[in-house]
Amino acid sequence: MQLIRAGVTAGVLAAALTLAACGSDSNPSGGTTPAPDGATTAAVGTAAAAGSRIVCTGAGDLKSDGSTAQQNAVNAWIKAYDRACGKTVVYSGGGSGQGVTDFTGGKVDFAGSDAALDPTKGEVAAATKECGSPALDLPMVTGPIGVVFKLNGVKDLTLTPATIAKIFTGKIKTWNDPEIAGENTGATLPSTKITVLFRSDESGTTQNFETYLHTAAPSDYPATPSKTWVGVGQGKTGSQGVQQALTTTEGAIGYIEWSYTGGLSLAKVDNGGGPVALTAQTAGKAVAAAQVASNGGDDLTLKLDYATKTPGAYPIILVTYEIVCSKYRSATTGAAVKSFLTYTASAAGQNLLTSVGSAPLPAPILTRVQAAVAKIS
Amino acid sequence: MAAVLELRDPPDTASPRSESLDTGSPDAGSPTGNGPAAAQIGDRVLRGIATGSGGFVVVLVLLVGFFLVYQAVPAITHDHVNVLTSREWSVSGGTLRFGVAGLLWTTVLISLLAMVIAVPISVGIALFTTQYAPQRLSQPIAYVIDLLAAIPSIIYGIWGVTVLSPELEPVQRALYHLGGLPIFENQGFASGSVFDGGVVLAIMILPIVTAISRDVFERTPRHDVEAAWALGATRWEMIRMAVLPYGRAGVVSGAMLGLGRALGETVAILLIVSAPANGAPFHASIFDGGQTFASKIAGDSAEFPSDPGPYIAAGLVLFVLTFVVNAAARAIVNRHKEFAS
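Top to bottom, those sequences are chains A and B.
Residues 0 to 376 (numbering that gives the first Met the number 0) make up the first sequence, in order.
Residues 0 to 340 (numbering that gives the first Met the number 0) make up the second sequence, in order.
Check before you lean on any hint, since a few could be wrong.
[As the list claims (entries may be wrong)] Here are the simulated EDC-like cross-link-like pairs (lysine to aspartate or glutamate), alpha carbons at most 16 Å apart as the crow flies: (1) A/LYS308 - A/GLU249; (2) A/LYS192 - B/GLU168; (3) A/LYS337 - A/ASP117; (4) A/LYS106 - A/GLU129; (5) A/LYS120 - B/GLU168; (6) A/LYS128 - A/ASP117.
Think of the hints as simulated: they come from the structure by calculation, not from any bench.
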């Protein structure tokens, strides 16, 4: 009897201690994971050196809201900007939809969104009415989406859009499927079952990934892209949820924003121009291939070419826009927005992006963004 | 909680004889030395406060119910599928197609699973601390159990997803072969199944059920216990004849409180249990993924559509479900009370 008592107590105590220990050390790493390409220190150094060149104009604190995809990037910018100007820019990552609603409702000074204002939903009209001038979509952050996998013994993997589509729709079920093996000659692929992981919450990342599959492999992914996942697999909430599951599930594959892929294996994507690994350069090259589909003026809505066969261009990308008024009702607010965005579109601001897992805009598009920002008043 | 239970105690336990066994606490009904006028004001003030509090909570719940119905009805009338029987969830496009059947199933399944695991263990812990363990051991155990209740659910969630879920995989694989019942069928959710969530949920409701069971077992009337001993009962027979019948109502109401927590648990479930893909076929298996009402609402809250009506409709169904469960619990408690006395 005495023995049993002691055993039970010890068990209960051990359980409690285990729980307590987990509370302190198992928190998943946040979005501040350094970029996977090691460019971190260089980029930060440049930005710090350029900090003195931030031009501070306009008065008052700025309020903004929107896409979580660019939250890490905007937070890094805000930190540098606030230090230089002694002002406060607030960016609440309420999601793209919330950002647009807040902007058209006059609650924020600018919004971040992973999709340009949609004229068919009346967003352009509402924004123009609120601004009293045309509203602009300015691309600012390139957020590449990584195809991430966990497979014992396999580090290097190349996939074509058709194969990715078949994996994510459940047509390819095991890792040693002939189609995967055919694209990776020389690799030893295990017969492990493929576990597809997706974002269960509504997400611009999902929409962009689905748009990529739908554009680059239309016959294998016929579903209309939306913010909700259409395919097979297990849903996890948020980029962190997918990242977490990827680290623990053998044979898993998923899509997540680049900033969350630290320490995980990224697949190379072969759109037809050879295998391309995800780096800031390859993602930038894909943005450079995009068309500016603006409705005239300084609006710079991009039409991304997901099916691009340009060698060395990583095609699965997401571009987030800053949505601003071309002429603010308050001149001081306009000057403050202009000041902040001048910094974010500057070389220093763009260089900072690689340290937070985003990629800088390519020069041709960046020049046009800088020109548009200069006209904000 | 103890106070509430005491109110429901059968009258004979509050008899002067059993109270005199206590350490001489003053009789609750005795005057406290103030004059009759002061006592009258005190009576009136207390009555006012008590009535106000009671009325306030009723009005609050009615308003919550009214708000939910008011906000949910437009979405439900524009729904293109049956809100109760459909498992579809497509709310961001132009047409609303949403139903709560999947959410309802997962919510009920995961809560029942947690109950099946937690209630027997809780009763065991309560019996151990009140009947078997010496005083110096039962107190520390009580503290440890209460400590479990103080851990935030986000911690349970992170622990569940990083530590427990991978460890449970072999257990899950073993259970696949249990009789070939559909409820144990392998659905390919090696980690992040409803089963994983249910186990963590069980640990989370353990302290509530244990604390209340312990309270009622401790209050087993002395004369019942003595009578059992006098009949020559063994310890197990004494527990079966005196402690368990007396404590049954308390255990049931503790279990119902735990069930209430399980039905509404959000963050831990959101982190641990994987959601099945939109349009995936339905499987009645505890090894499938799923979303509960609370985890669905929390998961989508970052990107709510401009009209959150469908989510409010889901909240309304959860509200009704909780109400029904509590009403059932009340009915069970009342019935068992007669047995106990």
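Hint check results:
1. Among the hinted pairs, A/LYS308 with A/GLU249 is inconsistent with the structure: their alpha-carbon atoms are about 32 Å apart, more than 16 Å.
2. Restraint check for A/LYS192 and B/GLU168: the C-alpha separation of about 15 Å stays at or below 16 Å, so the hint holds.
3. Distance restraint check for A/LYS337 and A/ASP117: the Cα-Cα separation of roughly 23 Å exceeds the 16 Å cut-off, and the hinted pair is therefore not satisfied.
4. A threshold of 16 Å between alpha carbons decides the hint, and for A/LYS106 with A/GLU129 the separation of about 10 Å falls inside it, so the pair holds.
5. Restraint check: the Cα-Cα separation between A/LYS120 and B/GLU168 comes to about 46 Å, which exceeds 16 Å; the hinted pair is violated.
6. Distance restraint check for A/LYS128 and A/ASP117: the Cα-Cα separation of roughly 15 Å lies within the 16 Å cut-off, and the hinted pair is therefore satisfied.
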